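**Q** Sequence:
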Amino acid sequence: MKKYLLLFSALFVLAACNSGNNDSKDSTTKSTAAATEKTSSKATTATSENSSSKNSSTTSNTKTQTSSTKTDSSHGDHAMSAMDELQANYPNDKFPDPATISGGKQIGITASEEQGTLKVNYYVVNEETPFNDPALNDQTPVAQFQRKAFDSKETAQNEVGQTYDPNGQQVDLGHNITGYRSAGAGSSFIMWKEGNWSLAVRANNLEQEDPVPLAKQTVEYLEGAFLPVPKDAGQISLRVAPGDFQSNSVVWQENQTVYTIMNSDSMSSLKMAVSMAK
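Using mature numbering (1 follows the signal peptide of the UniProt record, and there is no 0), the letters of the sequence shown map in sequence onto residues -15 to -1, 1 to 263.
Keep in mind the hints are simulated off the structure, nothing from the lab.
Remember, predicted model here, so these are calculated numbers, not experimental data.
Even glycine gets a Cβ: it sits at the ideal position worked out from N, Cα and C.
Possibly wrong hints are sitting among the right ones.
[Claimed, not checked] Listed next, with one range per pair, are the computed distances between beta-carbon atoms:
1) Asn143 with Gly209: 44 to 54 angstroms
2) Ala210 with Thr163: 14 to 24 angstroms
3) Thr163 with Gln124: 15 to 25 angstroms
[Said to hold, decoys possible] Using 20 angstroms as the maximum straight-line C-alpha spacing, the simulated EDC-like pairs for lysine to aspartate or glutamate come out as follows:
4) Lys263 with Glu208
5) Lys178 with Glu192
6) Lys104 with Asp123
7) Lys216 with Glu144
8) Lys104 with Asp78
9) Lys104 with Asp150
10) Lys90 with Asp229
11) Lys138 with Asp123
With the sequences and hints as input, model every part of the structure.
**A** And the structure:
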């Protein structure tokens, strides 16, 4: 009987030990699972934060690129040519078409206004040049436009300086227009009138120049082109041989204002004036 009691006691102790070991194993397993879960949660949170940071960075970069593109586009939209800037500075004035100034060549422009006189100089350039670029001051203009205000119409009319002498030798210039040829001081002239315009072509006798061909070319051109209408006087003075920008001039009055176009080339001066009548 004592043997059975001892055996039963031993079995009871062994069962208790096994139970403790199982509880310890379960506790360890639960602790390990909890730690794993926490680690996984932290990893997930860190991954999410990194992903969010990357998305935010990508969005920021995209916005920066978009902003940069808009800035460049905006700058391009507001880029102005020299002619556009001239017109923006003098919005109430009309100017010659730059394409007529020097056979379609690239033109640089400077302008200044003092005591009621606006002067616009035009230069032939190799590339687009900003309006009033200081570099142009060292160059010689190929043409000039002036607008000058006077106190009265009479003073303005006298400024035009019309020249017309119908007493010379008659020359048929075509289109029912008669020119009058005269000579003096080593030059010969042909003069005629068209409306309120007086026209004169000058030739150098020492160079054996003939004013008739240029006079006929002028009449032919003006048959299909229209000059500004003078109010009340206009004068066109052309030279056969090319010279500086003051060689050829087209001057006309509009009440108390006198407009002047000068160009080194005779036909270009006419084309500049015609462009202002459009």
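**Q** Decide, hint by hint, whether the structure agrees.
**A** Hint check:
Judged by the Cβ atoms, the range 44 to 54 angstroms given for Asn143 and Gly209 is violated: they are separated by roughly 32 angstroms. For the hinted restraint 14 to 24 angstroms between Ala210 and Thr163, the CB-CB distance of approximately 20 angstroms keeps it satisfied. Hint check: Thr163 to Gln124, Cβ distance near 42 angstroms, so the stated range 15 to 25 angstroms is violated. The suggested pairing of Lys263 with Glu208 holds, with an alpha-carbon distance near 15 angstroms, which does not exceed 20 angstroms.
The straight-line distance between the Cα atoms of Lys178 and Glu192 is roughly 27 angstroms, outside the 20 angstroms bound, and the hint therefore fails. With a C-alpha separation of about 17 angstroms, the suggested pairing of Lys104 with Asp123 holds against the 20 angstroms cut-off. Taking the CA atoms of Lys216 and Glu144, the gap is about 13 angstroms. The hint holds against a cut of 20 angstroms. About 12 angstroms separates the Cα atoms of Lys104 and Asp78, which keeps this hinted pair within 20 angstroms; it holds.
Distance restraint check for Lys104 and Asp150: the Cα-Cα separation of roughly 31 angstroms exceeds the 20 angstroms cut-off, and the hinted pair is therefore not satisfied. Restraint check for Lys90 and Asp229: the C-alpha separation of about 17 angstroms stays at or below 20 angstroms, so the hint holds. With a C-alpha separation of about 36 angstroms, the suggested pairing of Lys138 with Asp123 is violated against the 20 angstroms cut-off.
Taken one by one, the earlier hints fail for this structure at numbers 1, 3, 5, 9 and 11, listed in ascending order.
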